[in-house]
Structure formats: structure tokens, C-alpha cells
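First to last, the protein sequences are chains Z and Y.
Residues in the first sequence are numbered from 13 upward in steps of one, following this note's numbering.
Residues in the second sequence are numbered from 873 upward in steps of one, following this note's numbering.
Quick caveat, the hints were computed from the structure, so don't treat them as lab data.
C-beta: ideal position from N, C-alpha, C; glycine also.
Don't take each hint at face value.
Partner residues aside, some chain Z positions facing chain Y, computed with beta carbon under 7 angstroms [unchecked claim]:
1. 49
2. 117
3. 134
4. 135
5. 137
6. 150
7. 159
8. 163
Here is how the chains run, residue by residue.
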Amino acid sequence: MTQGRFTGVGLGLRRPHLEQVAGLEGHGVPFWETCPENVVGDGGRFNRLAWSILDRDPVLTHGLAMSVGGFDTWDQEYLRGLEQFLIRTGTPWHSEHLCFTTVDDNCLHELLPIPFTREAVRHTIARAKDLQARLPVPLLLENITYYAELGVPEMAEADFITEVIEGADVGWLLDVNNVYVNSVNFGFDPKEWLSRMPLDRVKQFHIAGHKRFGNLTVDTHGADVIEPVIELMQWTLARLGRHVPVLLERDNHIPDLNLLLAERSRLQLAYDAVLLPSEVRHV
Amino acid sequence: MSESRTLRLQRAMASLILDGDENLLEADPGFPAQMQGLAEADVQSFRDQVPALMTYRELARMSLIEPLEDTFPILRALLEEADAWDGCVQAFLDARRVKSSHYRDIAPAFLGWLATTQWGQDRWPFLLELAHAELLEVLVAHFPDTTTAEEIHADPELEDRILLEVATQVVAYRHAVHKASEASPIPVATPTYLLAYRSREGEPGLMELTQATAAFLVMAGTQTLAESARALGLTDLGPLMHLLRDLHRVGAIAGFQAPI
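Use the sequences and the hints to build the structure in full.
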């Protein structure tokens, strides 16, 4: 499987759609993204359906478990299962979040912000390099939404992300919705922010919906993608000038598959409008 | 060398999320950072970002508590009636028992905590059984698939042993917990034997057993059908063989194995 197979806009594979997707070969989705934690070590009907799709269609993998910025030792059993999973799915890379999720061996099940400090940069680079050495495919790290800075920052978020990704020599899963949400919550210009970033490291995009709660905008993955976020994706794609797979995330208020396929098509049009000459644009 | 500031900040965040005393947090949002011995500037940064930090508390606690609400609705109904659900959940969070990064492991971790601490069981002696029964079908539905390497056949003979499917569980309770409901969460105290299994289509199923049948299914895993029936005083083998064929047909029994 070559990385060139992964272009256009894919969808996250979610349990409510498994049965329908398993029976649909001509669904038009160029690739699916799946979370190993939902498949490895599981069994039963949904697991069989998931594998029938993963063994048939192109797949990218995206994990929640590794706590890259944390201090706990790696879960060796998880890593063994992950390695087999990555090989079987044929994913060209595996992505994780640039965050911490466990503290003193207690999992908090939330993507928590690493302090923007020199010490945390050094620590996270070492952890990411170590994790990369244990994976059979290249590692990508994803920028997260954050709602508070953990302690007094010693640098800006942009510098923190850049130093970690470049220091660890890993790829970047650029979540444009997270950039947008952070720009709203912290009051900065997302394009200016992106202009400072190592865009040559971008291997994949995430895009999703969000919701405003009082004074805070939260990355809910529970609503349609708004136009400013689509425009930010297009702006970044235009700067890159190359095909990068975009993954539409939907984890809450999951709509019927047909509605999600229509949302994917809307994003595919926006993607094609940037990267394809007009005579070959398609959905 | 002093302990990492990054680690102490992460511990302060964990404490802010998991610890129960919200009054303490409201009185001084810098308290979790102070407890980690962080510098005053870091303590103040906690005080300066209260709404955002409380959002993390809410989001993470929702992730930890939702699997409990989804898996144990009857237990929740029972404890909410007694105004004890929130206290039970907080005691679980205080115990720091969520070690796995899999969402699916949160509910089993809660059950394990109930079993080891016996929380609430002086007042509700059936509480652990009720929680176990609520989790049982979920565990059976998701038990990892395996292929049976051993040579087995579909039609039982008296000299065979039973090979249950890997997901199948034979369980015994002192209460009829499988008949409890959210509307009526207190089960009747009566010995109860259940077979939990996954159908060939992958759906979980539950079947009531007699004590003798439950014992037979367990014993016949290591002894022949004839020996097991004799040991349990089961003389009418016709209905028993019929049941075994049915259990194989629905997927509870993988097959039958002749002596090697």
C-alpha cells in the first residue's frame, strides 16, 4: 500500500455505521480512520464488522492511548497489540495526540495540555522518539485544543509544537479545527499562527465541528464543520500545494451515514477546489 | 535533583479533575498546584484560569462516569434512590483504579473496586452481584474471538467433554439479579444460575439454568458427560442431551470433544 492512495476526504469509522459500511463497497469514501483502542482486544459482532471493513478498504490509524507527554511507562501489552494492528491494516503511519492522558498510572481519559515549558519540550521529544522506535510505521503527532495553559508558559503553543515535532523528527497531523478553536479561545489569527508552523511536516489533516459553551469554544466533534474552518483547511492546502488526506471526525451526535457521506462530499468539493484543475474536479 | 515541574503540574491537573471536594476548589482553585509544591506563579495560574480548568474537570469526569452510567443503569437507579450514587462514584475516583486507557475497561475496573472494597455491601448485600450481572452481557458481547484449534464435533456422545465457547460464562448468584430493573432494582434473594453466551451472530444472550444443569455444564468441561451426570445424580439424560444440542446450535457451546 502506498501513501499516494491517501488523498481526498476520509471518514472516521464509527460503531453506529459499521453494519451499513460493511455492506457498502461503492461508498465513495477514499479511506477510513480507525482508533486501535476500539478494535484491538475486542470481539463479537461489531468487531467482526469492523475487521471486514478494515481488511477491505484503505485505513489510517489514530490512537488515544499513549500519553506522549506523560511520565508513565508504556503499556507493553497495548504496544504489542498495536504493532500487529498497524501491520494488518497496512496504514502508512500512526497518529497520536500531543498531550498527556495518564498521571501516576491513572488514566484520565481526556486529552490534557502539556505545559509549554523547555523541560516539557525535552521530555516530550524523548518520549516521542522512544515511541517512534517501537512502532512499525512513522509516527504523527496531532495538535490538540486546549482550554487552559498548565502552569506559567515559557513559550507560545506554536513554538512548543514546532520544537517537539522537529526535535522528535516526526510528522504532523494538523487538526485545523483545533487551530481554529484555540484561535477563538485565545484570540489569535489562525492563518498567522499557521504561517509560523513547519507545514512541510504535515502528513494529514483532521477537520471537525465544535460548539460554544458560554465564553469557551469546545472541540466537540459533534456538529457540522463551519465555513471558516473549511476555509482554513483550503488556505493551508493551497500553501502546501500538495495532496494531503483530510479526515472528517464525528464522535458525538453521530448522524445517519447518508448525512455524514453528504458532509464528506461537501468537504471533498472544497478540497478539490484547491488542489484539482477544474476539468478533473469530482466528488 | 528536584522533582520535575512538568510532572508536578500534571499531578495537580489530575488532582483537580479527580478529587471530590469541590468546596475546597471553589475556596482556592490554586489548591491542587499548592499541594504539589509548585511555585506561587504556577499556583496563581490555576487561580487565573478557573472556568477553563473546571471545563477540564467536567470533561474528564464525564468520560470516566459515562461508562458507569451506561453499564450499570439499575445499580445507579438503586443508589440514586438512596442519594448514594454520586458518593459511590467519587469513592471510586478517589481510589484511582482506572489504569487502562481503554474506555471499555472503566466499567470492569469499577466492578473490581466494588469487589475489593465491598463498598455499600453492608447495606445492599446484593450490590456486587447486581453490578456483575449488569456487566456480564457487555463482557460476553465483547469477549475477544478465538479460533478453536482442538478437534470437536457438533453432536454430543456420552464419552465426550463439553467445550464452551470462549465468551460463555456459567454464573451463580444468591439473588435473582437478572430480574432486577431500573423501576425495581432490589432483587429477590434466591439462588440463581445463569448461562451468559454470545450467539453465532455475535449477540449476547442470557439463559436461566437449574443448579444441576449449571453444575453439569461446568463439570463436563473436565469430565465426560456420563461421569458428570452420574456424579450429579442426573439419570434422565434425554433432555440433557437435547439441551446440549440447543446450546451448541445457539453458540454457547463450541462443540464436544471425544477422549484422547
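Each hint, compared with the structure:
Given hint, residue 49/Z at the interface with chain Y, holds; its Cβ is 5 angstroms from that chain's nearest Cβ, closer than 7 angstroms. With its C-beta approaching chain Y no nearer than about 6 angstroms, residue 117/Z sits inside the 7 angstroms limit, and its interface hint holds. Interface hint at residue 134/Z: violated, since its Cβ lies 9 angstroms from the closest Cβ of chain Y, which is beyond the 7 angstroms cut-off. The beta carbon of residue 135/Z is positioned within 7 angstroms of a beta carbon in chain Y (closest approach about 6 angstroms), and the interface hint is therefore held.
For residue 137/Z, the suggested interface contact is broken, since its CB lies about 13 angstroms from the closest CB of chain Y, more than 7 angstroms. The criterion of a C-beta within 7 angstroms of any C-beta in chain Y is not met by residue 150/Z, whose closest approach is roughly 22 angstroms, and the hint is violated. Taking 7 angstroms as the C-beta contact cut-off toward chain Y, the hint placing residue 159/Z at the interface holds, the least distance being around 4 angstroms. Below 7 angstroms, beta-carbon pairs count as interface contacts, and residue 163/Z has one with chain Y at about 4 angstroms; its hint therefore holds.
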